[in-house]
Amino acid sequence: MLSNNTQMEVEIMSIVQTHNLTKKFGKFTALDQVNLHVNEGEVYGFIGPNGSGKSTTIRLLLGMIKATKGEATIFGMDAWKDAVDIHKRIAYVPGDVNLWPNLTGGEVIDLFMKLRGAGNKNRREEMIEKFKLDPSKKCRNYSKGNRQKVALVAAFASGADLYILDEPTSGLDPLMERVFQECVLDAKKDGKSILLSSHILSEVEKLCDRVGIISEGKMIETGTLSELRHLTRTNLLVETKLKVIGLHELRGISSIKETGQVLSFQVDAEELDVAIKYVSQFGIVRLESAPPTLEDLFISHYEVKPNVKTVI
Amino acid sequence: MLKQSFKQTGILVRFILRQDRVRIPIWIVSLLLITFSTAISFSGLYENQQERQAIAQTMLNPVMTATVGPSEGLDNYTNGAMLAHQMLLFTAIAVAIMSILLVAKHTRTEEEDGQVEIIQAFPVGRLSNLSATVLVVCGTNVLLALIIGFGLAALKIASLDLEGSLLYGAALGITGIFFVGITAIFAQLSENSRGTIGFSFAVLILAYLIRAIGDIGNETLSWFSPLGIVLSAEVYVYNYWSPILLVGLLALLLLIIAFFLNSIRDLGAGFLSSKPGKIHASLFLQGPISLALRIQRTGLIAWAIGILVLGASYGSVLGDLESFFKDVDMMDALLTQVNGFSLIEQFIPMLMMVLAMFCTVPALLVVFKLKGEEKKGHTENLLTRAVSRTRVMGSYVIISIVTSVVMLLLAVVGLWSASVAVMDEAIPILTLLEAALVYLPAMWTMIGLAVLLTGFLPQFTGFTWLYYVYSFIVVYLGALLQLPDWMGKLTPFGHIPQLPVEEIDFMTISVIVVIAIILIIVGFITYNRRDILG
Numbered sequence: 025m026l027s028n029n030t031q032m033e034v035e036i037m038s039i040v041q042t043h044n045l046t047k048k049f050g051k052f053t054a055l056d057q058v059n060l061h062v063n064e065g066e067v068y069g070f071i072g073p074n075g076s077g078k079s080t081t082i083r084l085l086l087g088m089i090k091a092t093k094g095e096a097t098i099f100g101m102d103a104w105k106d107a108v109d110i111h112k113r114i115a116y117v118p119g120d121v122n123l124w125p126n127l128t129g130g131e132v133i134d135l136f137m138k139l140r141g142a143g144n145k146n147r148r149e150e151m152i153e154k155f156k157l158d159p160s161k162k163c164r165n166y167s168k169g170n171r172q173k174v175a176l177v178a179a180f181a182s183g184a185d186l187y188i189l190d191e192p193t194s195g196l197d198p199l200m201e202r203v204f205q206e207c208v209l210d211a212k213k214d215g216k217s218i219l220l221s222s223h224i225l226s227e228v229e230k231l232c233d234r235v236g237i238i239s240e241g242k243m244i245e246t247g248t249l250s251e252l253r254h255l256t257r258t259n260l261l262v263e264t265k266l267k268v269i270g271l272h273e274l275r276g277i278s279s280i281k282e283t284g285q286v287l288s289f290q291v292d293a294e295e296l297d298v299a300i301k302y303v304s305q306f307g308i309v310r311l312e313s314a315p316p317t318l319e320d321l322f323i324s325h326y327e328v329k330p331n332v333k334t335v336i
Numbered sequence: 002m003l004k005q006s007f008k009q010t011g012i013l014v015r016f017i018l019r020q021d022r023v024r025i026p027i028w029i030v031s032l033l034l035i036t037f038s039t040a041i042s043f044s045g046l047y048e049n050q051q052e053r054q055a056i057a058q059t060m061l062n063p064v065m066t067a068t069v070g071p072s073e074g075l076d077n078y079t080n081g082a083m084l085a086h087q088m089l090l091f092t093a094i095a096v097a098i099m100s101i102l103l104v105a106k107h108t109r110t111e112e113e114d115g116q117v118e119i120i121q122a123f124p125v126g127r128l129s130n131l132s133a134t135v136l137v138v139c140g141t142n143v144l145l146a147l148i149i150g151f152g153l154a155a156l157k158i159a160s161l162d163l164e165g166s167l168l169y170g171a172a173l174g175i176t177g178i179f180f181v182g183i184t185a186i187f188a189q190l191s192e193n194s195r196g197t198i199g200f201s202f203a204v205l206i207l208a209y210l211i212r213a214i215g216d217i218g219n220e221t222l223s224w225f226s227p228l229g230i231v232l233s234a235e236v237y238v239y240n241y242w243s244p245i246l247l248v249g250l251l252a253l254l255l256l257i258i259a260f261f262l263n264s265i266r267d268l269g270a271g272f273l274s275s276k277p278g279k280i281h282a283s284l285f286l287q288g289p290i291s292l293a294l295r296i297q298r299t300g301l302i303a304w305a306i307g308i309l310v311l312g313a314s315y316g317s318v319l320g321d322l323e324s325f326f327k328d329v330d331m332m333d334a335l336l337t338q339v340n341g342f343s344l345i346e347q348f349i350p351m352l353m354m355v356l357a358m359f360c361t362v363p364a365l366l367v368v369f370k371l372k373g374e375e376k377k378g379h380t381e382n383l384l385t386r387a388v389s390r391t392r393v394m395g396s397y398v399i400i401s402i403v404t405s406v407v408m409l410l411l412a413v414v415g416l417w418s419a420s421v422a423v424m425d426e427a428i429p430i431l432t433l434l435e436a437a438l439v440y441l442p443a444m445w446t447m448i449g450l451a452v453l454l455t456g457f458l459p460q461f462t463g464f465t466w467l468y469y470v471y472s473f474i475v476v477y478l479g480a481l482l483q484l485p486d487w488m489g490k491l492t493p494f495g496h497i498p499q500l501p502v503e504e505i506d507f508m509t510i511s512v513i514v515v516i517a518i519i520l521i522i523v524g525f526i527t528y529n530r531r532d533i534l535g
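If you read the sequences in order, they're chains A and B.
Just so it is clear: in the first sequence, position 275 is 299 by this note's numbering, and no numbers are missing.
Just so it is clear: in the second sequence, position 407 is 408 by this note's numbering, and no numbers are missing.
There could be a bad hint or two in this list.
[To be verified] Pulled from the structure, derived: some chain A residues nowhere near chain B, Cβ distances all over 12 Å:
{"id": "1", "residue": "Asn44"}
{"id": "2", "residue": "Gln57"}
{"id": "3", "residue": "Pro73"}
{"id": "4", "residue": "Thr97"}
{"id": "5", "residue": "Asn146"}
{"id": "6", "residue": "Gly169"}
{"id": "7", "residue": "Lys213"}
{"id": "8", "residue": "Asp233"}
{"id": "9", "residue": "Gly276"}
{"id": "10", "residue": "Leu287"}
{"id": "11", "residue": "Val298"}
{"id": "12", "residue": "Lys301"}
{"id": "13", "residue": "Tyr302"}
{"id": "14", "residue": "Thr317"}
[Stated by the list, open to error] Below 35 Å or equal to it, Euclidean Cα-Cα: the simulated DSBU-like pairs (lysine-lysine) are:
{"id": "15", "chain 1": "B", "residue 1": "Lys279", "chain 2": "A", "residue 2": "Lys168"}
{"id": "16", "chain 1": "B", "residue 1": "Lys376", "chain 2": "A", "residue 2": "Lys156"}
{"id": "17", "chain 1": "B", "residue 1": "Lys376", "chain 2": "A", "residue 2": "Lys138"}
{"id": "18", "chain 1": "A", "residue 1": "Lys156", "chain 2": "B", "residue 2": "Lys372"}
{"id": "19", "chain 1": "A", "residue 1": "Lys154", "chain 2": "B", "residue 2": "Lys377"}
{"id": "20", "chain 1": "A", "residue 1": "Lys48", "chain 2": "A", "residue 2": "Lys230"}
{"id": "21", "chain 1": "B", "residue 1": "Lys377", "chain 2": "A", "residue 2": "Lys161"}
{"id": "22", "chain 1": "A", "residue 1": "Lys168", "chain 2": "B", "residue 2": "Lys376"}
{"id": "23", "chain 1": "B", "residue 1": "Lys4", "chain 2": "A", "residue 2": "Lys90"}
{"id": "24", "chain 1": "B", "residue 1": "Lys377", "chain 2": "A", "residue 2": "Lys90"}
{"id": "25", "chain 1": "B", "residue 1": "Lys370", "chain 2": "A", "residue 2": "Lys168"}
{"id": "26", "chain 1": "B", "residue 1": "Lys377", "chain 2": "A", "residue 2": "Lys51"}
{"id": "27", "chain 1": "B", "residue 1": "Lys4", "chain 2": "A", "residue 2": "Lys112"}
{"id": "28", "chain 1": "B", "residue 1": "Lys376", "chain 2": "A", "residue 2": "Lys161"}
{"id": "29", "chain 1": "A", "residue 1": "Lys145", "chain 2": "B", "residue 2": "Lys4"}
{"id": "30", "chain 1": "A", "residue 1": "Lys162", "chain 2": "A", "residue 2": "Lys213"}
{"id": "31", "chain 1": "B", "residue 1": "Lys377", "chain 2": "A", "residue 2": "Lys162"}
{"id": "32", "chain 1": "A", "residue 1": "Lys93", "chain 2": "B", "residue 2": "Lys279"}
{"id": "33", "chain 1": "A", "residue 1": "Lys105", "chain 2": "B", "residue 2": "Lys4"}
{"id": "34", "chain 1": "B", "residue 1": "Lys372", "chain 2": "A", "residue 2": "Lys162"}
{"id": "35", "chain 1": "A", "residue 1": "Lys51", "chain 2": "B", "residue 2": "Lys279"}
{"id": "36", "chain 1": "A", "residue 1": "Lys168", "chain 2": "B", "residue 2": "Lys377"}
{"id": "37", "chain 1": "A", "residue 1": "Lys48", "chain 2": "B", "residue 2": "Lys4"}
{"id": "38", "chain 1": "A", "residue 1": "Lys242", "chain 2": "B", "residue 2": "Lys279"}
{"id": "39", "chain 1": "B", "residue 1": "Lys279", "chain 2": "B", "residue 2": "Lys377"}
{"id": "40", "chain 1": "A", "residue 1": "Lys162", "chain 2": "B", "residue 2": "Lys370"}
Just so you know, the hints here were simulated from the structure itself, not pulled from any lab data.
All values reported here derive from a predicted model rather than from experimental measurement.
Glycine residues also receive a C-beta, built at the ideal position from the N, C-alpha and C atoms.
My request is simple: use the sequences and hints to build the entire structure.
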């Protein structure tokens with residue numbers, strides 16, 4: 025989709041870049057020729073259902089597993105061969121943070137900072153304060169959310185250039201989620217790049233400049249939110265004088281819901297014109313349209329339009 | 002690239018030491034205590050060479066050779082020869098267990114739990130975690146070897162010279178390092194920590210059995226066991242260093258293989274991969290008791306096979322023992338006339354006690370599974386459904402008691418079938434059954450203690466193992482170490498009548514059964530009253 029010109033540009037400013045990245049586990053293909061790039065200073069949202077290959081991609085980027093084919097580069101270096109050098113400038117937070125039961129959160133944060141060899145003391149205190157973490161507790165006594173906070177504090181205190189966050193808020197409460205979002209935006213303000221894999225689509229919508237959607241190991245969509253919206257359906261809500269009949273026979277209509285004279289449905293971008301013309305025959309009283317949320321996009325990609333059949 | 006692979010190993014070494022700041026010292030101190038106290042007690046027990054030579058006579062039979070290993074020093078049984086003969090093998094096994102547990106914990110267990118992934122995301126080499134673990138555990142073994150070596154020499158006991166003492170320490174340390182290598186390899190091969198520990202223990206048990214069979218029959222066979230090689234150092238007798246060197250080279254080879262395997266695999270992956278499981282619960286898996294049985298199935302089957310093999314290996318020794326006693330006709334006749342039992346029959350209670358002790362372990366593991374499940378929050382899944390606490394605990398207790406009976410029967414079957422094959426005059430299976438089953442009440446008391454602690458003091462269930470180890474030492478080595486009688490009476494195993502030599506004493510047995518029942522009932526009551534952990 026990209027012209028040669030922009031491709032050149034992309035290569036220059038890309039922090040993360042994969043080229044036909046493929047990973048097979050035995051006969052099972054977990055990733056199939058994935059191309060993704062994260063530009064400098066942007067927040068890239070990486071979404072997909074469970075088992076679609078998000079974590080596999082991230083583990084390939086971190087050099088923990090070796091690609092079967094294709095390549096992944098970070099800061100222009102090879103993700104597998106130069107893993108140690110790359111990791112000096114990376115902060116990673118996994119979704120499932122398991123720590124060492126007989127060490128305190130404070131000890132673990134210090135270890136993490138020492139291992140990276142950078143980061144500063146003041147930021148550490150600041151982050152502990154921000155996330156309201158008790159660093160004197162043993163890790164065995166932390167809840168899932170608190171263990172995640174330990175990883176987040178260490179990550180955001182590190183001053184890394186690239187943050188790789190794999191569902192980092194799955195155990196946080198809404199207040200802490202907001203703190204997390206502030207930290208991401210602060211990092212972005214400082215020109216850092218962030219790869220955020222998440223299931224919380226409202227979060228991705230709020231934070232991310234660009235989004236990549238992965239399904240069954242293949243990247244099926246990449247672009248800014250508004251670009252993606254063009255590709256999909258619009259939510260329409262119409263109130264008509266007469267009862268609308270036969271709408272479901274049109275192409276590109278889905279999720280039809282009827283309450284009295286008010287009808288709501290989704291329509292594919294290219295069928296919008298036909299749909300409006302059809303509905304207007306019944307005398308429009310009210311017409312509202314809303315851009316699809318990320319959730320709509322997400323679901324439209326993964327469902328084989330089952331709602332079409334459940335017309336009332 | 003190669004140098005990069007080991008980046009930051011130093012920090013990880015310090016980090017592992019920090020984590021194990023209690024665990025490693027406890028291992029070292031316990032091993033030191035056992036070694037030094039035995040050395041001191043031996044020198045106190047036997048005042049002169051004649052007394053030691055008398056003990057050496059009792060050691061001159063296939064059962065003892067199979068159990069503790071051979072010795073060239075029996076003709077001149079000095080303090081040193083006695084220590085090396087009776088203690089080196091068992092201490093070496095304890096050191097091997099230490100190495101297996103420590104290595105497995107910091108390699109596959111942490112990889113399975115995701116800690117290695119977090120560490121690996123830092124500028125840390127791909128092999129740094131394995132190398133840090135190997136350094137720490139090998140270092141622990143070297144330290145142990147040096148302290149034991151110089152410590153034994155410093156005791157100034159006659160015949161415990163410096164060279165022999167250092168070799169004694171080195172023999173222990175090198176066994177530990179060998180099993181660092183074994184465990185490091187299985188940590189690469191197996192996908193989970195259970196497999197890593199299980200396979201490594203299997204190698205250890207196999208090494209013991211191969212050596213036992215080799216030592217009584219075929220000496221070449223013993224050279225296929227690291228334990229057999231280590232024993233051939235003849236510590237305090239001839240002080241050969243070459244076996245230590247050989248095991249050291251083997252260990253190095255194992256470590257190289259482990260590092261190579263680690264370098265070519267993906268994080269989280271293993272070379273022995275798991276198969277997909279069933280989609281639906283089988284007809285069998287329908288309630289708490291079948292669930293408890295299902296989650297322990299593999300372990301219990303492994304134990305059953307192990308116990309059967311153990312019984313059979315003791316049984317196979319009986320043939321050698323019989324012909325051995327025939328050779329010393331006079332002694333046999335003398336003893337037989339005195340109390341009407343053959344020497345073989347006098348060995349039976351000892352054998353049964355050891356077998357019963359081993360059979361207690363799987364039964365205890367079943368009870369501890371309940372606590373393990375509770376701590377992981379699995380029990381909640383049952384209790385939040387319509388299942389009472391009594392029913393959950395009951396499932397485990399029933400399985401545990403059935404396990405104790407089945408394991409003991411398997412041991413007897415193994416013992417009997419092997420003994421029939423090798424003996425001229427086989428012992429009737431009924432005699433063996435009686436002698437074995439009489440130990441059930443003692444085993445149930447141990448189960449009762451485990452149940453009681455699970456209900457009453459769940460933080461201290463580990464105390465059961467302490468008591469178990471105490472019982473084992475007192476009952477098994479009590480006669481050897483000449484411990485006072487009352488120490489033997491502190492364990493239920495010390496009260497069991499020694500069939501067929503002694504008469505069965507129903508009164509004592511009933512009392513022990515009642516104690517077991519009371520322990521179990523109190524366990525149930527307290528389990529119903531306390532908070533669920535997790």
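Here is how each hint holds up against the structure:
no.: 1; hint: Asn44; verdict: holds (19 Å)
no.: 2; hint: Gln57; verdict: holds (19 Å)
no.: 3; hint: Pro73; verdict: holds (20 Å)
no.: 4; hint: Thr97; verdict: holds (17 Å)
no.: 5; hint: Asn146; verdict: holds (21 Å)
no.: 6; hint: Gly169; verdict: holds (16 Å)
no.: 7; hint: Lys213; verdict: holds (24 Å)
no.: 8; hint: Asp233; verdict: holds (24 Å)
no.: 9; hint: Gly276; verdict: holds (37 Å)
no.: 10; hint: Leu287; verdict: holds (41 Å)
no.: 11; hint: Val298; verdict: holds (45 Å)
no.: 12; hint: Lys301; verdict: holds (49 Å)
no.: 13; hint: Tyr302; verdict: holds (46 Å)
no.: 14; hint: Thr317; verdict: holds (32 Å)
no.: 15; hint: B:Lys279 - A:Lys168; verdict: holds (30 Å)
no.: 16; hint: B:Lys376 - A:Lys156; verdict: holds (27 Å)
no.: 17; hint: B:Lys376 - A:Lys138; verdict: holds (32 Å)
no.: 18; hint: A:Lys156 - B:Lys372; verdict: holds (33 Å)
no.: 19; hint: A:Lys154 - B:Lys377; verdict: holds (30 Å)
no.: 20; hint: A:Lys48 - A:Lys230; verdict: holds (34 Å)
no.: 21; hint: B:Lys377 - A:Lys161; verdict: holds (20 Å)
no.: 22; hint: A:Lys168 - B:Lys376; verdict: holds (15 Å)
no.: 23; hint: B:Lys4 - A:Lys90; verdict: holds (19 Å)
no.: 24; hint: B:Lys377 - A:Lys90; verdict: holds (32 Å)
no.: 25; hint: B:Lys370 - A:Lys168; verdict: holds (24 Å)
no.: 26; hint: B:Lys377 - A:Lys51; verdict: holds (34 Å)
no.: 27; hint: B:Lys4 - A:Lys112; verdict: holds (16 Å)
no.: 28; hint: B:Lys376 - A:Lys161; verdict: holds (19 Å)
no.: 29; hint: A:Lys145 - B:Lys4; verdict: holds (30 Å)
no.: 30; hint: A:Lys162 - A:Lys213; verdict: holds (34 Å)
no.: 31; hint: B:Lys377 - A:Lys162; verdict: holds (17 Å)
no.: 32; hint: A:Lys93 - B:Lys279; verdict: holds (32 Å)
no.: 33; hint: A:Lys105 - B:Lys4; verdict: holds (12 Å)
no.: 34; hint: B:Lys372 - A:Lys162; verdict: holds (21 Å)
no.: 35; hint: A:Lys51 - B:Lys279; verdict: holds (20 Å)
no.: 36; hint: A:Lys168 - B:Lys377; verdict: holds (13 Å)
no.: 37; hint: A:Lys48 - B:Lys4; verdict: holds (28 Å)
no.: 38; hint: A:Lys242 - B:Lys279; verdict: holds (28 Å)
no.: 39; hint: B:Lys279 - B:Lys377; verdict: holds (23 Å)
no.: 40; hint: A:Lys162 - B:Lys370; verdict: holds (25 Å)
Violated hints for the displayed structure: none, as all numbered hints are satisfied.
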